[in-house]
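Undergrad: Chains as they are written, first to last, in numbering that gives the first Met the number 0: chain A, 0 to 414; chain B, 0 to 308.
Hints in this document: simulated from the structure, not taken from any laboratory. Misleading hints may appear alongside valid ones.
Claimed, not checked - Cross-link-like lysine-lysine pairs, in silico, DSS-like; alpha carbons within 27 Å at most:
# : chain 1 : residue 1 : chain 2 : residue 2
1 : A       : Lys37     : B       : Lys276
2 : B       : Lys70     : A       : Lys392
3 : B       : Lys58     : B       : Lys139
4 : A       : Lys141    : B       : Lys236
5 : B       : Lys106    : B       : Lys70
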Amino acid sequence: MYRKLILAFAFLSASAHATLSLELTQGINSALPIAIVKSSLSDVIASDLKNSGRFRTIDGNETPHSVNEVNSLYWRGLGADNLLITNVTSSGSTQNVHVILLDPVSRNNVLLDKTFQANNMDNRRIAHRISDLVYERLTGEKGVFSTKIAYILVKELGGGQRRHQLIVADVDGYNPHGLLTSSQPIMSPAWAPNGREIAYVSFEQKRAQIYVVNVVNGQRRLITSFPGINGAPEWSPDGGRLAIVLSKSGKPKIYIVDLAARSLKQVTFGLSIDTEPTWSPDGRSLYFTSDQGGAPQIYKLNLANNSQERVTFDGPFNATASVSHDGTQMAILHRTGTGYNIAIQDLRSGSVRDLTFAGHTQSPTLAPNGRMVLYATYEGTRGVLNLVSTDGKVKVRLPSQEGHVQEPSWSPFLS
Amino acid sequence: MTPTYKRALTLSGLFHLVIVGVIVADFTIHEVFKLSGTPTAMQNKPVDIVQAVAMDTQKVAEEVKKLEAKKQAEKARELAHQRELERQAKAAEQKRIQETKRIQDMKLKADAELKKLREEKLKETKRIQEAKLEQEKLKKEHEKETKRVKELKKLHDEQVKLAKARQEKKLAEEKRKAEEEKKRQAAEAAAKKAKEAALAAAKAEKLQMMQGELNRYKMLILQTLSNNWITPDNVDKQLKVEYEIHIAPGGAILNVTLIKSSGNEQLDRSARAAIYKSSPLPVPKDPDLFNIFRVVHLSVRPEGFVTSG
Numbered sequence: 000m001y002r003k004l005i006l007a008f009a010f011l012s013a014s015a016h017a018t019l020s021l022e023l024t025q026g027i028n029s030a031l032p033i034a035i036v037k038s039s040l041s042d043v044i045a046s047d048l049k050n051s052g053r054f055r056t057i058d059g060n061e062t063p064h065s066v067n068e069v070n071s072l073y074w075r076g077l078g079a080d081n082l083l084i085t086n087v088t089s090s091g092s093t094q095n096v097h098v099i100l101l102d103p104v105s106r107n108n109v110l111l112d113k114t115f116q117a118n119n120m121d122n123r124r125i126a127h128r129i130s131d132l133v134y135e136r137l138t139g140e141k142g143v144f145s146t147k148i149a150y151i152l153v154k155e156l157g158g159g160q161r162r163h164q165l166i167v168a169d170v171d172g173y174n175p176h177g178l179l180t181s182s183q184p185i186m187s188p189a190w191a192p193n194g195r196e197i198a199y200v201s202f203e204q205k206r207a208q209i210y211v212v213n214v215v216n217g218q219r220r221l222i223t224s225f226p227g228i229n230g231a232p233e234w235s236p237d238g239g240r241l242a243i244v245l246s247k248s249g250k251p252k253i254y255i256v257d258l259a260a261r262s263l264k265q266v267t268f269g270l271s272i273d274t275e276p277t278w279s280p281d282g283r284s285l286y287f288t289s290d291q292g293g294a295p296q297i298y299k300l301n302l303a304n305n306s307q308e309r310v311t312f313d314g315p316f317n318a319t320a321s322v323s324h325d326g327t328q329m330a331i332l333h334r335t336g337t338g339y340n341i342a343i344q345d346l347r348s349g350s351v352r353d354l355t356f357a358g359h360t361q362s363p364t365l366a367p368n369g370r371m372v373l374y375a376t377y378e379g380t381r382g383v384l385n386l387v388s389t390d391g392k393v394k395v396r397l398p399s400q401e402g403h404v405q406e407p408s409w410s411p412f413l414s
Numbered sequence: 000m001t002p003t004y005k006r007a008l009t010l011s012g013l014f015h016l017v018i019v020g021v022i023v024a025d026f027t028i029h030e031v032f033k034l035s036g037t038p039t040a041m042q043n044k045p046v047d048i049v050q051a052v053a054m055d056t057q058k059v060a061e062e063v064k065k066l067e068a069k070k071q072a073e074k075a076r077e078l079a080h081q082r083e084l085e086r087q088a089k090a091a092e093q094k095r096i097q098e099t100k101r102i103q104d105m106k107l108k109a110d111a112e113l114k115k116l117r118e119e120k121l122k123e124t125k126r127i128q129e130a131k132l133e134q135e136k137l138k139k140e141h142e143k144e145t146k147r148v149k150e151l152k153k154l155h156d157e158q159v160k161l162a163k164a165r166q167e168k169k170l171a172e173e174k175r176k177a178e179e180e181k182k183r184q185a186a187e188a189a190a191k192k193a194k195e196a197a198l199a200a201a202k203a204e205k206l207q208m209m210q211g212e213l214n215r216y217k218m219l220i221l222q223t224l225s226n227n228w229i230t231p232d233n234v235d236k237q238l239k240v241e242y243e244i245h246i247a248p249g250g251a252i253l254n255v256t257l258i259k260s261s262g263n264e265q266l267d268r269s270a271r272a273a274i275y276k277s278s279p280l281p282v283p284k285d286p287d288l289f290n291i292f293r294v295v296h297l298s299v300r301p302e303g304f305v306t307s308g
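With these hints in hand, go ahead and build the complete structure from the sequences.
TA: Now the structure itself:
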């Protein structure tokens with residue numbers, strides 16, 4: 000009886016084999032479940048991937064070392080979409096790292112099978128590198144786990160004395176290295192695009208000065224030392240210029256320093272306070288904070304024709320812009336009902352999404368892949384750094400030493 | 000009475016009268032002769048007895064004719080005879096006595112004959128009467144017969160009429176039956192049509208239900224796939240990847256074949272993982288319905304995904 004009905008349903012099929020056509024247009028916005036086989040590197044990799052907000056780690060007891068040893072049913076049963084195997088073998092001082100990433104759901108499809116030699120790399124670094132590989136393979140985007148952060152650590156020494164340090168650490172807060180120490184404030188660290196230098200403001204001379212320090216060898220040079228404010232240095236994407244804030248002409252204004260030519264050019268004028276410049280990825284514009292509209296908002300300056308346009312319209316206060324490397328996202332400090340919070344503005348659509356809600360935040364700095372924001376907040380009275388994924392799902396506090404941590408800066412992709 | 004009978008009767012009566020007359024005349028003549036002393040030879044002459052018994056008109060007529068002729072011959076003979084007698088008068092005196100005797104005998108005979116005749120006449124009369132009666136009877140019978148015939152005819156006519164009526168009735172009946180049959184057939188056809196329509200409606204309803212069932216399972220399958228599809232949020236929403244999925248009864252996925260890549264490996268892979276993770280898919284238990292789901296062509300597009308930031 001149903002035979003006739005099946006014939007009647009023939010219109011559903013496109014082919015003579017009576018294929019049913021379905022269209023799936025909506026899925027879930029969920030973290031990718033990945034199982035990482037226990038190894039010396041698995042913990043760091045797991046943290047990295049979790050912190051990105053894109054992954055959810057699954058624990059398993061089995062320890063396969065090769066594809067053949069993988070019991071895909073077991074891993075599928077745990078709910079893992081992907082399985083990562085890392086084998087590190089050392090021969091002398093060199094370490095051979097074998098990375099296998101596979102898909103136990105889709106018939107053990109091998110997505111990654113890479114071997115590399117790690118010379119003089121500590122485990123964390125190797126792990127971060129593997130995290131980058133996995134992240135890239137599975138999301139199609141570059142991972143930031145091998146990038147660095149710079150921040151200022153202020154330690155109270157007692158008796159009104161403070162120690163200010165410019166610290167460079169791994170993106171997860173580990174391996175902090177002091178680059179500079181001063182009894183006077185150090186502020187506004189900014190990574191150069193080549194990842195080898197950091198510009199910063201130092202008050203060691205009891206006045207504001209902008210320096211550039213080499214991360215590797217610690218050598219530094221003075222860039223500006225004008226009367227008044229010398230602040231908020233930011234490197235152009237080609238690394239040849241610094242956008243800075245000087246108040247020598249009265250109000251704080253944006254200037255551009257050509258490092259090679261050692262020249263200075265004022266780019267904003269007028270009676271408003273213009274500060275916190277940051278470059279667009281193509282180097283042709285500057286985003287900056289200005290109160291020319293009455294209250295601080297972000298504006299965009301076209302360096303070719305000096306035209307300005309307002310960029311933020313959401314809320315009474317928007318400052319401290321940090322633009323992603325693809326130019327589509329901008330992290331900002333954004334005042335809401337609960338105080339100052341970190342938000343992400345999509346520069347294409349103008350839509351703003353809050354990432355934090357508790358207030359008391361400052362200094363957002365965007366990861367080079369635009370997927371995470373590092374910012375300063377308080378834990379009690381202590382200044383700490385938090386990492387939040389731009390989808391808002393994961394927030395993690397970076398471990399730091401004693402003292403107040405503030406003014407983070409995210410390095411570019413480091414080769 | 001009919002003219003024939005009348006005539007017959009009349010003639011019959013007439014001739015009877017003639018006969019009687021003749022007879023009487025005969026006797027008279029005889030007597031005359033006797034008286035006159037004419038030869039008794041006449042008395043010796045045989046008296047012709049007229050036998051006139053015939054009913055038949057023609058026969059009577061013939062007899063009459065015969066009598067006439069006889070009479071004539073008689074007359075001639077008489078004459079001759081007289082002559083003879085005259086001649087013989089003398090010679091036959093002797094014979095006279097004999098003759099007289101004979102005549103007496105003859106007379107007796109004649110008387111007898113006359114009696115007989117009278118009787119016969121009576122008889123005749125009787126017969127005539129009888130004939131008359133008979134005729135009457137016949138007439139009556141004829142009338143009766145006519146009446147009977149009439150009645151028969153009437154009956155026959157009635158019967159014919161009846162038969163005709165019956166025939167007509169029969170025809171009418173047949174016509175009625177034919178019409179009824181026609182009606183019945185029409186009703187049957189209509190009923191059949193109605194039945195078919197009802198069947199078709201039932202089928203359509205079943206189809207609709209089946210369609211409803213089909214849609215329900217399609218929704219369930221898409222729901223399952225959707226819940227398992229971790230959508231990449233950084234791919235072009237217009238991209239589409241197409242897979243062909245072979246499903247076993249019970250919903251277990253037998254194999255997944257890439258038909259058309261979206262160009263984005265991450266999207267392709269995410270869809271593939273979603274498909275595998277959705278096994279077993281919710282499929283109908285009914286084998287015929289399940290057949291529709293044996294091979295599924297799935298297009299995956301991240302259209303509905305709300306991108307972050």
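Undergrad: Mind checking the alpha carbons of Lys70 of chain B and Lys392 of chain A for me, to see if they're no more than 27 Å apart?
TA: violated, 175 Å
Undergrad: Given the hinted pair Lys106 of chain B and Lys70 of chain B, is their Cα-Cα distance within 27 Å?
TA: holds, 20 Å
Undergrad: Can you confirm whether the C-alpha distance between Lys58 of chain B and Lys139 of chain B stays at or below 27 Å?
TA: Holds: Lys58 of chain B and Lys139 of chain B sit about 26 Å apart, inside 27 Å.
Undergrad: Is the straight-line distance between the alpha-carbon of Lys37 of chain A and that of Lys276 of chain B 27 Å or less?
TA: holds, 24 Å
Undergrad: With a cut-off of 27 Å on the C-alpha distance, tell me whether Lys141 of chain A and Lys236 of chain B pass.
TA: Given pair Lys141 of chain A, Lys236 of chain B holds - Cα atoms ~20 Å apart, limit 27 Å.
When the structure is compared with the earlier hints, a violation turns up for hint 2 alone.
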